[in-house]
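Student: Generate the whole structure from the sequences, applying the supplied hints.
Sequence order for the protein chains is A and B. According to my numbering, the first sequence is numbered sequentially starting from 69. According to my numbering, the second sequence is numbered sequentially starting from 17.
These are calculated hints, taken from the structure and not from any lab test. Check the hints yourself; a few may be wrong.
[Said to hold, decoys possible] DSSO-like, lysine-lysine: derived pairs with alpha carbons at most 30 Å apart:
hint: 1; chain 1: B; residue 1: 160; chain 2: A; residue 2: 726
hint: 2; chain 1: A; residue 1: 86; chain 2: B; residue 2: 173
hint: 3; chain 1: A; residue 1: 245; chain 2: A; residue 2: 121
hint: 4; chain 1: A; residue 1: 340; chain 2: A; residue 2: 373
hint: 5; chain 1: A; residue 1: 467; chain 2: A; residue 2: 373
hint: 6; chain 1: A; residue 1: 511; chain 2: A; residue 2: 721
hint: 7; chain 1: A; residue 1: 228; chain 2: A; residue 2: 121
hint: 8; chain 1: A; residue 1: 635; chain 2: A; residue 2: 86
hint: 9; chain 1: B; residue 1: 160; chain 2: A; residue 2: 86
hint: 10; chain 1: A; residue 1: 721; chain 2: A; residue 2: 635
hint: 11; chain 1: B; residue 1: 160; chain 2: A; residue 2: 721
hint: 12; chain 1: A; residue 1: 386; chain 2: A; residue 2: 340
[Stated by the list, open to error] Just so you have them, the derived chain A footprint on chain B, three or more residues with Cβ under 8 Å:
hint: 13; segment: 85-93
hint: 14; segment: 101-110
hint: 15; segment: 118-132
hint: 16; segment: 165-171
Nothing here was measured: the structure is a model prediction, and the numbers come from that model. Glycine included, each C-beta is placed from N, C-alpha and C at the ideal position.
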Amino acid sequence: MTDVVDTGTALGRPIKRKEDARLLHGQTNWTDNIQLPGTVHMAILRSPFAHAKITHLDVSGALAMPNVVAAFGAAELGDLNSSVPCVWPVTDDMVAPDFPALAKDTVHHVGDCVAVVLATDAVSAVDALEAMSVDYEPLQAVVNMESAISPGSTLVHEDKGTNTCYVYNLGGGYDEKVKEADVVVKRRFINQRLIPAFMEPRSVVAAPMGMSDEITMWTSTQIPHILRLLIALVTGIPENNLRVIAPDVGGGFGGKLQIYREEILVAQLARKLGRPVKWTETRSEDMVATHHGRDQIQDIEIAAKSDGTLVGLKVDLKANMGAYLQIITPGVPLLGMFMYPGIYKMDAYDFQCTGVFTNTTPTDAYRGAGRPESTYAIERIMDELAAELGMEPMELRRKNWIKHEEFPYTTIAGLTYDTGNYELATARALELFDYEGLRTEQKSRRDSGDRVQLGIGISTFTEMCGLAPSRTLGALKYVAGGWEHCTVRVLPTGKVEVITGTSPHGQGHETAWSQIASSILGIPVEDIEVVHSDTGRAPYGMDTYGSRSLAVGGQAIKAASERLVDKARVIAAHQLECSPEDLDYVNGVFQVKGDPEKAQPLGAVAFEAFTAHNLPDGVEPTLSAEATIDPQDFSYPHGTHLAAMEVDTETGKVTLRKYVCVDDVGVQVNPMIVEGQVHGGVAQGIAQALYEGASYDEDGQPQNANLSTYLIPSAPDLPSFITDTTCTPSTTNPLGTKGVGEAGAIASTPAIMNGIVDAIRHLGVNDVLMPATPMTVWKTIQAAKGGK
Amino acid sequence: MQHIKVTVDGTTYHKEVEPRTLLVHFLREDLGRVGTVVGCDTSNCGACTVLVDAVSVKSCSMLAVQADGSEITTIQGVSDGNDWHPVQSAFKECHGLQCGYCTPGMVMSSIDLLNENPNPTEAEIREGLEGNLCRCTGYHNIVKSVQRAAELMEGAKS
Ligand code: FES
Ligand code: FES
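Tutor: What follows is the structure, encoded as structure tokens:
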């Protein structure tokens, strides 16, 4: 199957993906498929305790086991036991505990790494773990955030003297402003802990390649470039001797935006042993050792006039860091900080966040990273305020949102939203949903006392995409920039390489980036190869997360492609004996204005640039151009999501009957991919609302750390979705794009939960905990009845 | 070690295997058929699905020795080389995959589902794929892909 594409119009078309042929034929190169001669396989002894002293560890028993090559605890590893870095010290006095790859004398969460065995096959390595001798002295664990920060609590890290990682404040005018309010509504929302659960387990291979001491590392990551830098910094492997490759990566959702202790161990051991080392996690390891997401207690207060006009918002968060800080653990709640006011105008906003250590798996970015939490809080509290005021919830939103003619608009949180049209997206969503019809049905079911009640859930959300202007990151104390790079090369055969610093793991960059380059170069999509995710072939990049790849990386592709055409124009003019201004560039061919017979295609220019036999003076051989772009600002996708929820008031069973979303993601490069991203994001957000939640008992033992107990939805658990888009182009980047990777996951959770509460509010319910399982909903209804 | 004989994607192998070796590890490590992948250790994800004597099986829930004498088709054997099985074509056409990690299992389960029920309803497709998890697509386009594959296969018959 090939797709015939007429060039020049590639942008905006639902072109079928280039990636699919290899993925559909089982010809993909997953990291775990890599099997180099002489490989040793690593297996990890992990802590079964949430908090314990290691009183005795002897790894020597493992060495006597068949096929074992080496075994290490922290003592044996010595200086090679590097610590895992955190690159976002959010405050000057943030508490950052040491996080050695192998625990030294104390383990701090179930799954903490204690020792490793290396054997010539994976099964022997796992078998040999049994032969190690280890004793623990269990210590009291602290799991609950509020206990952790109360005086006298058990400490996760004794040497730090506190379980408070940091306290961050923004704003300060709320307490004064609230005096002008007629109504104040307070709620405590729990944004439960989630597990990314990408389908491809993490895997890493590192091997000395025998060339200038180079270590090549293949790893299932979203961030090969950042990882190369950080591995070099923490291990001492010279950066210029380290090549990191992310082969095909089976999903990430933020979970592979990380430098993991296992990656550090594999790199160090490959160097120490002088041979390839490989490690692939089991799913059960993944569920305790891959970072988790969310896990916030949100105390939210909103103030309004009696007519519904918002006065202010106050947010007090407790954010669970887990046992250690990983790459951006402390920063995740702050990514949400800017978005609590959502799409609404108000006069005061106070934000406080307390980062808290507990004896649990570390948290970090998970699809949306801070923004799903903030959107959940604001969209839930808007419904609560509407109920308090007796207003229609959409009406309350309409009254307070930024009107389309008011853009650009600087919010109370200090962001300037460049464009948007909430009216348009909402009108379209209401129509697709049959909002009025469903409200009528809701009323009649309520009047008749139907056992199954209907609720309508609204989420009118926005988010910030395109991480990020480097200066903004600097102001937030993040230690890197947010630029992106692209090099475009036309090879002597006329084939094109687009070398990008983004690193896809399911998004279809190979297709979409080809479309962008094709639209400028006039070269067919199939003649363009997108080179990515290999620091040897694509040396500069800031990788893929935060819906940044198109909004930032796309600009670099556009700029580099345009620069390339500029260079080619000079060469073509020389060949055609005219001035560059006298040339038109049409479908990949330079034509002399008024004499289109005199023409030279881009491929021919590239060949001239390659032979360099006849170049104009001062023009260097080869045809390539590059661009490194720092975004001028964020982009702000938005949308209106609506959910019709049925709740069986006798069993607590919840059914998602209809889901409609209209998203404004700006200009779309490939609408088919956009729609797919929306589907997947919406599904993950629904999963938070209805199915998922990682839980621990009070001793810090995970209660559902495998795929038979941690319920990621399967096909019968979800409906088909009704999706549409509107388009107000972003003005912060020349393509007018915004970003879509996280939108669905950010928007859908509050839509679902608002729908559930709306269905049973008349029973006295004003909140339901997530996930809204039948048991939880039933108990909530019973409690409300009892309270009446 | 135990001797087994299996035919995988048209090639017959004679191999010695440990009795505890799972079929999926046998396929990947002993035969190098790495198109079939592992997503879990509790037989929940379905990423490892293959056809054993034309019936879909999670290859992590079966021992290699149990496959002795059988004929196995993996994702690498459903179409010849670079040809396309209608289910593969439909997944591409309907954007039924993103990262593609669940895809080998999804395609194999879909083939089995359509063998059993050439004209499934949406609900039957969803039920039929219950044992296959996908974290990327939200299943919407997977359902459409199976519907489209049913059309393509129907068309191929008539
Ligand atoms: S690997 Fe998950 S079901 Fe087989
Ligand atoms: S496409 Fe990624 S898990 Fe299904």
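Student: If you draw a straight line from the CA of residue 228/A to the CA of residue 121/A, is it 30 Å or shorter?
Tutor: Between residue 228/A and residue 121/A the Cα gap is close to 16 Å, so the pair holds against 30 Å.
Student: Holds or violated: are the alpha carbons of residue 386/A and residue 340/A at most 30 Å from each other?
Tutor: Cα-Cα ~42 Å, so violated.
Student: So if I understand the rule, the pair passes when the alpha-carbon distance is 30 Å or less; does residue 245/A with residue 121/A pass?
Tutor: violated, 51 Å
Student: Run the distance test for residue 340/A versus residue 373/A: straight-line Cα separation, threshold 30 Å.
Tutor: Not OK: residue 340/A and residue 373/A at ~67 Å, beyond 30 Å, violated.
Student: Given the hinted pair residue 160/B and residue 726/A, is their Cα-Cα distance within 30 Å?
Tutor: holds, 17 Å
Student: Counting residues of the segment 85-93 of chain B that have a beta-carbon nearer than 8 Å to any beta-carbon of chain A, does the count reach 3?
Tutor: holds (count 3)
Student: With a cut-off of 30 Å on the C-alpha distance, tell me whether residue 721/A and residue 635/A pass.
Tutor: Violated: residue 721/A and residue 635/A sit about 64 Å apart, past 30 Å.
Student: Within the assertion that chain A covers the segment 118-132 of chain B, do at least three residues meet a Cβ-to-Cβ distance smaller than 8 Å?
Tutor: Our answer is that it holds, as 4 residues pass the Cβ test (under 8 Å) against chain A, meeting three.
Student: Would the hint linking residue 86/A and residue 173/B be met if the CA-CA limit is 30 Å?
Tutor: Holds, because 29 Å separates the two Cα atoms, which is no more than 30 Å.
Student: Residue 160/B and residue 721/A: Cα distance at most 30 Å?
Tutor: holds, 27 Å
Student: Between the alpha carbons of residue 511/A and residue 721/A, is the straight-line distance 30 Å or under?
Tutor: With a Cα-Cα distance of about 20 Å, the restraint between residue 511/A and residue 721/A holds, given a limit of 30 Å.
Student: Do at least three Cβ atoms from the segment 101-110 of chain B come closer than 8 Å to Cβ atoms of chain A?
Tutor: Contact hint for the segment 101-110 of chain B vs chain A: holds, 5 residues under 8 Å.
Consistency note: the structure conflicts with the earlier hints numbered 3, 4, 10, 12, 16.
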